[in-house]
Structure formats: structure tokens, C-alpha cells
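S.K.: For the protein sequence lines, the chains are A and B, in the order given.
So in UniProt numbering, spot 251 of the first sequence is number 251, and the numbers just go up one at a time.
So in UniProt numbering, spot 381 of the second sequence is number 381, and the numbers just go up one at a time.
Any given hint might turn out to be false.
Unchecked claim - A few chain B residues that face chain A, going by a derived Cβ cut-off under 7 Å, partial list only:
#1 CYS41
#2 LYS43
#3 VAL46
#4 LYS57
#5 TYR81
#6 ASP83
#7 GLN85
Keep in mind that the hints were calculated from the coordinates and are not lab data.
Every residue, glycine too, gets a C-beta built ideally from N, C-alpha and C.
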Amino acid sequence: MKIIFKIILQYYLKYLTKFILFIYKPTIIAIAGSANKTFVRYEITRILNKNGIKTRTNNKSFNTEIGLPLAVLNLQSGYNSYKKWLSVIVKALFNIFSSNYPRVLVLELGISNPGDMKYLLSIIKPDISIITDITQRYLESFNDMDIMAGEYELLIKKTKLSGLIILNNDNARINKLLIPNLKNIITFGFKDGSDWRITNAVKTEYKQLININFSDHNLKVTKQYILERFGQHHVYSLTIGLIINHYLNENNKAQLLPKKIH
Amino acid sequence: MFDRTKNIQLSIIKQMELKASHYPDVISLAQGIPSFDTPGCIKRRVERALDRGVVAKYSLSPGLPELRELIELSLAEDNMYYDWQNEIIVTAGSIEAITATILTITVPGDEIIIPEPTYTSYREVICLAGCKPIFVSLDENRGWALDINKFKEAITDKTRAIFYCNPNNPTGTIYNKKQLLNLADLAKRHNLYLISDEVYKDFVFTPTYTDNNADSCGLFSLAQVKNLRKNVIRIFSFSKAYAMTGWRVAYLHSDESIVKEILKVHDSLVTCAPVISQYAAMGALEMAEKDLLYFVGEFQKRRDLICARLDRMPTVFDYIKPNSAYYVFPRIKLKNNNSWQFVLDLLDKIQVAVVPGIAFGPHGESHVRLSFGRSEKNINNAFDRMEKYF
């Protein structure tokens, strides 16, 4: 009974999600990787909202076959309660008629089994995809790293041709991913050769000081940033947020981001 | 023989439980165990991990990365900013976090100042590390407040840390921001560590700090103060907040320079926290928010109940109303107010188990600790017996 309910729910949410995305056509930023997805999600949302682009992400890490539709539909999980799920089902219908749908959705894609990415990409088609990291975390359901890496290769392949792919240049496994031609790719990291190269990240007692090199209209620029958070993952998150902001500005965000239909 | 353990006692709380177990009809308000079972959402998270076959192996010594990420996010909600990769360790209960911390920051012969009355096991861990606990009494007349002058007097060349529990067990009271900042100032001046055990931080019933007009919402932690990162080691356990005492999972966090040293001790003590319990902790942080709110509401009702029952016994008890945790620490007003004798009498005559105040330090004498973590029925039955007896 529980399994049947879950399957019905899964497909109900999937098709409702596809419908709502068809109506509102938000720009979709997808974040995948073994670690750091949530921090990146928050940073992108913070930067875009700060720049006046109505952006939404989910408070929780809803990133699976049920969780991803919940994030798009802006709904809470019913967890293990049929009663709560019934309420979710009804609310999902009402959310189609939201007058305040965001222009950008920042979504996490979580994979823990082979084929997970294929299913998630049958629901959404990202405009921008980010791969934060590939490590052995969540490897247990995959026979080897190549199969797991294949999930990320699929994400790259399925990202819109007119869109953008952002990759962590410091991760050896990401550098081995097979990337089709014609894809627009930006890399970041501490390593030489990164498009957005973090040249310095110094921790003081209260903050981190970060220098980032990047190209702006073919000019090499170095900028310093101050982070009041600690850890390399925040340096990466900041850099990804800056890349997206820069990219949207460079590419005339008014054109890139679909207009609201209301 | 047994030089290391000869000065260590089995905690008086555990002694009381052992004694109480010989009485079949006993009602226990002794042990600090919530009456609730672990929330269902946490159990389901564990079932899923079991099904996926991911709990049989060690995790990384500091803990599962995904759990530490969640902990960092949860800390950030409380304005504490720590790096999950280098500044957070998941431990086998808070007592392991405490043990690893004290073994790391001290050498035998050092002194650690403890405001008391406070949790009984601190003393034993400090002695086990070959250090000396220095008790500084709390000011009962000011609602069990910290008396900074007494701390100043207690500091010597051998003092290494001040170790406190906030909200405090057994008094159920909270140290306000002003008191804590004064303590931090003292610690900074003398280059001392501050070990802050905040296992009851989620059980705060009423707004505090009204006495010093400081920030008036939520519990204040010194781990929120950036320039104290290298002084404060903060400990939190899932045991109380999520009814998970048997799972043995907690965490500590501090500046990287301290945590990397504590990690060596943690690794040598337990290798890693039980992995199945780490998945339970993930379930708690991901899904148990509503359960936690329910627990807080229930404990507040029980706090009001136990206070109402204490009010009906004014010749026996006098107390400060607790605004957190699930303990009340009344003073015994009887002529013979020896706390050990009092609790043994209660156990023997009416089979009600409580903890003698002396267990929590010298200034706990002539008090008893009553836990309202137990059900309302237990509380009422215990007080019915006491009312009849006195």
C-alpha cells in the first residue's frame, strides 16, 4: 500500500512540476555534487535576490525524486503521514496559480543510485548546472566511480545548449568528465588554469580574506572579498555566486531570465 | 593498584538508580531521561540507512560529512559560524566530547573551575584526567547566577579552563548574557578555555535576560562571539533534545587550532561516533523540528505541574522556578536537611527516587534534584506519596 501510494505521489508531483515549469518558465540553476550543495544554493539565492532577481530555493535539502518536485512547487514534505501528504497534494494544485512565482529556481540534485540523475532530468531542464565536487560519498550504491561520474556527465549533456556549466577545477574526478563540444563552461578553483582562480584564502581570527582572479571584458581582474564564514567550502560558494552574477550581467539578464507571465 | 580510578566514584545519580532498582514499586524522578521515545522520523532515517547498508563501517573520525554539514547549517541558524570540515567533531555522547576536550587541553595537575551545583560527572572526568576540579558556588539568591568575584578568587597559575553547563543541570536556570560576557572577559585575561555544555539549550521555556536588559530572546552562547573562537569549546548532545539518550551521539565545535588536537584524542577513544547514531542525528536535524517543539511544550506543562505540586508543600520545599532543562532544585526546609539522608528516607519509606543535592557539588547540599522529564502521571504519583508522607 505504502509503495503504491509513493509511486502515485511521485508521478503526480512529477507531472504537476513539469506543468508549472511549462507555465512559468523560470530559469533553473541546478547544483549537483557530493558536498557543499546547500551552501552553494544559499549563496546563489542570496546574491541573486540582492541584485533584485526574484529567486527561490528550498529551505531543506529537497533533492530527490519526491524532494525536487516539492522544491519546485514550494511545498513541505508530508514525511510519513498520509494526512499530511493529502494536504500536500491539494496545496500542489493551488500553487499552480501562484501570482508570485520566482524568476529563478535554485535546485539541488541529489543522486544516491544509478539512474537518479536521469529521473531528475526528466522533470527539469537546467539553464545553468554546477558540479561542486565528486567524491566517494554516496558511492555505496554505484559499482564504481565511473558509473557515478556518468550521472554528472548526463547533467552536463542535458543542460541547455544556450546555458552554462560551472565546474570545480580542483576536483580531479570532475576534470576527467566527458564534456560534449559546444557547451559553455566556466571553471573555478585554486588550481592554475581555472577561469575564476582563487589565488589566496587567508583565515584570520574573525574572517577569511579571499583574492579571486577572473576575466572581465577580456581584462584580467583581481578582486578581494571578505567572508565572515570559515572553511574552503564557503570560498567555493562565494566564487560560484560571483560567477553566476557576472554571467547574468554579461549576458543581459533581462533577456536570459524569462519574464513573468502575470 | 587502580591509582587512576581510586578517587573516582560512580555518579550519585547512577547510585540512586541502582538503589531504586531494588524497590519494585518505585517512582523515579532521579534520572535525567525524557519520557518520550525517539521520534518516528528519526527511526525511519535510520531504517533507510540500514537498508542501504551504510552503517556497518567506520565513518571518518570527525563524523559523517553530511551530518557535519547539517550541524554547520544548524549552528549558523544560531549565529555560530564554524567550518564543518575542520571545526566540528561528532562524538559518542556529550560525555565523550567532554572527556576528549579535557584530556586535550590539560596536563595532570591542572585545575578546572566548575560553577556548582552542576552536573555530577564533570568532577569525575576532571579527576580521571589527573586534574583538580575547583568548585565555585553559584549565587542562589540571584537565581543561581554566576558570581564573577568568586571566579577571580579561584583562578591560579594552574587554572586551565572554566567548565559550565548552560542551561544548568540541576537548577534548570540560565546564565544571562551579561554574566557570560563577564566570565569570558575573565577567561580572555587569564588565557583560559571556556567549555560550554549546552545539551539543554532547546528547552528554554520563557524569555530570559530581563535582569540586565541584554538581548531578550533565545539562549545566549559565548560561541556566538567571534573573538572567543579560540577560547570557547561548545558541546551539544542529541540525547535530550530529540529523546535519544541511548543513541550516544553529540558534537563539539571550536576553532580549528583546538579541534584538530581534540580529534586526536577522540580518535584514540572511540575512532568515531556510532555510525547508525550519526544517521539518527541527521534525521533529527533534517526532520524532527516539530517533535522538538512538542517536547518543549510538554516539558513546560510538566514544569508548571511540578512547581504547582511544590507550592503545595511550602513547609518542606522552597525553590527557584526553572526556566529551562527539565529539572527543579528545591531547598529542603526541614530541620534535618541532609540531602543524602532525605533521599534515602524517601526511597525507603515511600519509594520515590530523587537525587541528593550534594551530588552536584558542595553547595548543592540541603537540596534535591527532581526531574520533570518523566510523565505527568509519574510526577503526580510521586508528589501524592510525598504529600501523604510529610
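S.K.: Next, verify each hint and record whether it holds.
M.R.: Here is how each hint holds up against the structure:
Evaluation of the B:CYS41 hint against chain A yields a held restraint, the C-beta minimum of about 6 Å falling below 7 Å. The beta carbon of B:LYS43 comes no nearer than 10 Å to any beta carbon in chain A, farther than 7 Å, and the hint placing it at the interface is violated. Hint on B:VAL46 is violated. Least Cβ distance to chain A is approximately 13 Å, over the 7 Å limit. The closest approach between the C-beta of B:LYS57 and any C-beta of chain A is roughly 9 Å, which is over the 7 Å cut-off, so the hint fails.
Taken as an interface hint, B:TYR81 checks out: its beta carbon lies about 5 Å from the nearest beta carbon of chain A, inside 7 Å. For the restraint placing B:ASP83 at the interface with chain A, the shortest Cβ-Cβ distance is roughly 3 Å, inside the 7 Å limit, so the hint holds. The criterion of a C-beta within 7 Å of any C-beta in chain A is met by B:GLN85, whose closest approach is roughly 6 Å, and the hint holds.
This entry does not satisfy hints 2, 3, 4, going by the numbered hints stated previously.
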